Amino acid sequence: MPQNNVSGKGVRIVDIRTDTITKPTQAMRNVMAIAEVGDSVFGEDPTVDKLERRCADLLGKEDAIYLPSGTMCNLIAIMVHCNKRGVEFIAGDKSHSYLCELGGAAVLAGVQCSQIHNKPDGTFCLEELQRRIHPEVNLRSATTGLIIIENTHNLCGGKVLPLEWIDDLAKIASKFKVPLHMDGARIMNAVVQIRDWGARWVPYFAVPPALLTKRGD
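For what it's worth, the UniProt record's numbering labels the leading residue of the sequence shown as 1, then goes sequentially.
No lab work stands behind these hints, which were simulated from the structure alone. Keep in mind that this is a model prediction, so the values were computed, not measured. All C-beta atoms, glycine included, are put in the ideal place defined by N, C-alpha and C. Worth double-checking, as some hints may not be accurate.
[Claimed, not checked] For each label pair, taking beta carbons as the anchor points, the in silico distance ranges come out as:
hint	residue 1	residue 2	range
1	20	104	15 to 25 Å
2	31	164	38 to 48 Å
3	106	10	45 to 55 Å
4	140	58	36 to 46 Å
5	47	158	29 to 39 Å
6	31	175	46 to 56 Å
7	103	11	34 to 44 Å
8	30	54	18 to 28 Å
9	176	12	50 to 60 Å
10	68	103	12 to 22 Å
11	200	126	10 to 20 Å
12	10	176	58 to 68 Å
13	18	66	17 to 27 Å
[As the list claims (entries may be wrong)] Cut-off 30 Å, straight-line C-alpha distance, at most; resulting in silico cross-link-like pairs (DSBU-like, lysine-lysine):
hint	residue 1	residue 2
14	175	159
15	159	119
16	177	61
17	94	61
18	175	61
19	23	9
20	50	23
21	159	61
22	119	177
23	171	159
24	94	119
25	84	61
26	171	61
27	84	175
28	159	23
29	175	94
30	61	50
31	175	119
32	177	94
33	177	84
34	84	94
35	94	23
36	171	84
37	94	171
38	159	177
39	159	94
40	171	119
Let's have the full structure, built from the sequences with the hints guiding it.
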């Protein structure tokens, strides 16, 4: 791939390998250069504070936290819900949480991933899910501490998960008292498709991430 995105024949190449390839325009860089900054740990970065308030309001949550990466978002959610070693979370076998995060949950939290087969549309069989959930009273198996879904689903063709399927999933999770987490790296794309900022689905998830490097225009 030519670094200047122009081929030898002068034809401009549109690089669509991933949505993180895009770079800020000069106008965006100019705004960054004059942005108010401070120490966000002490709540003294007005730009970060405003961004977090905006995201919390959009998703109907009490608060938000700005993190460096989607992988960190997922890992924090796993460590919060699977808060002791030897617990497991359930995720699709084509999910980013399982395939693309360097086994961070196992390395840092002592948490294992139980993989469930992803269908081509990014969903998975809810009957199989119920068979895989291990309640805390099971003395032989790792307790299921979390169920993770991905929306949109990257390795399943960028599919938007059906709201009806999410509704049914939430009922099962509630029945077994297992929390849900959504890997929302591309949730902005799903929002554009379903035209719903989350009034219907956000309440199902304690921590719905939204990445700013990947968005629907």
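Now for the hints, and whether the structure bears them out:
1. 20 / 104: 15 to 25 Å: 19 Å, holds
2. 31 / 164: 38 to 48 Å: Given a distance of about 40 Å, which is inside 38 to 48 Å, the answer is holds.
3. 106 / 10: 45 to 55 Å: 49 Å, holds
4. 140 / 58: 36 to 46 Å: 43 Å, holds
5. 47 / 158: 29 to 39 Å: 31 Å, holds
6. 31 / 175: 46 to 56 Å: 48 Å, holds
7. 103 / 11: 34 to 44 Å: Cβ of residue 103 to Cβ of residue 11: about 41 Å, so the range 34 to 44 Å holds.
8. 30 / 54: 18 to 28 Å: This hint holds: roughly 21 Å between Cβ atoms.
9. 176 / 12: 50 to 60 Å: The hint (50 to 60 Å, Cβ to Cβ) holds, given that residue 176 and residue 12 are roughly 52 Å apart.
10. 68 / 103: 12 to 22 Å: 19 Å, holds
11. 200 / 126: 10 to 20 Å: For residue 200 and residue 126 the Cβ distance comes to about 18 Å; the hint holds.
12. 10 / 176: 58 to 68 Å: Holds, at about 59 Å.
13. 18 / 66: 17 to 27 Å: 22 Å, holds
14. 175 / 159: 27 Å, holds
15. 159 / 119: 11 Å, holds
16. 177 / 61: Within the cut-off at roughly 21 Å; holds.
17. 94 / 61: 28 Å, holds
18. 175 / 61: This hinted pair holds, its Cα atoms lying about 23 Å apart.
19. 23 / 9: OK: residue 23 and residue 9 at ~23 Å, within 30 Å.
20. 50 / 23: 23 Å, holds
21. 159 / 61: 25 Å, holds
22. 119 / 177: 24 Å, holds
23. 171 / 159: 22 Å, holds
24. 94 / 119: 9 Å, holds
25. 84 / 61: Holds. Residue 84 to residue 61 sits at ~26 Å (cutoff 30 Å).
26. 171 / 61: At roughly 21 Å apart (the allowed maximum being 30 Å), residue 61 and residue 171 satisfy the hint.
27. 84 / 175: 22 Å, holds
28. 159 / 23: 25 Å, holds
29. 175 / 94: Between residue 175 and residue 94 the Cα gap is close to 25 Å, so the pair holds against 30 Å.
30. 61 / 50: At roughly 14 Å apart (the allowed maximum being 30 Å), residue 50 and residue 61 satisfy the hint.
31. 175 / 119: 23 Å, holds
32. 177 / 94: 25 Å, holds
33. 177 / 84: 17 Å, holds
34. 84 / 94: Roughly 25 Å between the alpha carbons, so the hint for residue 84 and residue 94 holds.
35. 94 / 23: With Cα atoms ~28 Å apart, residue 94 and residue 23 stay inside 30 Å; holds.
36. 171 / 84: 25 Å, holds
37. 94 / 171: The given pair, whose Cα atoms are some 23 Å apart, holds under the 30 Å limit.
38. 159 / 177: Between residue 159 and residue 177 the Cα gap is close to 27 Å, so the pair holds against 30 Å.
39. 159 / 94: Holds, at about 13 Å.
40. 171 / 119: The given pair, whose Cα atoms are some 20 Å apart, holds under the 30 Å limit.
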